[in-house]
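Under the working numbering, the first residue of the sequence shown is numbered 181, with each subsequent residue one higher.
Bear in mind the hints are in silico, worked out from the structure with no lab data behind them. The structure displayed is predicted, hence computed values, not measured ones. Built from N, CA and C at the ideal position, the CB exists for glycine as well. Do not take every clue at face value.
[As the list claims (entries may be wrong)] Restricting the straight-line Cα-Cα distance to at most 20 Å, the calculated cross-link-like pairs of lysine to any residue (SDA-like) are:
#1 Lys204 <-> Ile192
#2 Lys204 <-> Val232
#3 Lys204 <-> Asp244
#4 Lys204 <-> Glu193
#5 Lys204 <-> Thr216
[Stated by the list, open to error] Simulated DEER-style distance windows between Cβ atoms:
#6 Ser184 <-> Asn224: 17 to 27 Å
#7 Pro208 <-> Asn243: 13 to 23 Å
#8 Lys207 <-> Ser184: 29 to 39 Å
#9 Met239 <-> Glu209: 16 to 26 Å
#10 Glu197 <-> Thr227: 12 to 22 Å
#11 Ser184 <-> Glu209: 31 to 41 Å
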Amino acid sequence: MKKSELSVERGIEIQTEQLALWAKVLKPECFERLQTWAVSTNENAETGFQIVRGSSLDMFVFNDLMRENNLMLRTQERKKKS
181 MKKSELSVER GIEIQTEQLA LWAKVLKPEC FERLQTWAVS TNENAETGFQ IVRGSSLDMF
241 VFNDLMRENN LMLRTQERKK KS
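I would like the entire structure built from these sequences, with the hints used as guidance.
Written out as structure tokens, the structure reads:
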């Protein structure tokens, strides 16, 4: 594989690894929204670069999830319990 190539399979592997990290810090309903959005385009991807991953996942969380009051990080729940 050339440096400028990224297979769909590898892109999905990267996406899966990154989603697993988000699953640890987001409430389940937040994670479900993120995962649904992220994998929605996988079957139409022709290259791994078209797989939603990296900063695209981050921006979805920050722009779409964090602005909603009821969709906060799990760490904020833990602070309230302390």
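Checked hints:
1. A C-alpha spacing of about 19 Å is found between Lys204 and Ile192, which places the hinted pair at or below 20 Å, so the restraint holds.
2. At most 20 Å may separate the alpha-carbon atoms for a hinted pair to count; Lys204 and Val232 meet this at roughly 19 Å.
3. Between Lys204 and Asp244, the direct Cα distance comes to roughly 18 Å. Compliance with the 20 Å bound is thereby established for this hinted pair.
4. Taking the CA atoms of Lys204 and Glu193, the gap is about 17 Å. The hint holds against a cut of 20 Å.
5. Simply put, Lys204 and Thr216 have alpha-carbon atoms about 16 Å apart, close enough for the 20 Å limit, and the pair holds.
6. Between Ser184 and Asn224 the beta carbon distance is about 21 Å. The supplied range of 17 to 27 Å therefore holds.
7. Between Pro208 and Asn243 the Cβ separation comes to about 20 Å, which falls inside the hinted range of 13 to 23 Å.
8. The hint said 29 to 39 Å for the Cβ distance between Lys207 and Ser184, and at roughly 38 Å that hint holds.
9. In this structure, Met239 and Glu209 meet the distance hint of 16 to 26 Å, their C-beta atoms being roughly 19 Å apart.
10. A hinted range of 12 to 22 Å for the beta carbons of Glu197 and Thr227 is consistent with their spacing of about 18 Å.
11. Here the CB-CB span from Ser184 to Glu209 is close to 38 Å, well matched to the stated 31 to 41 Å.
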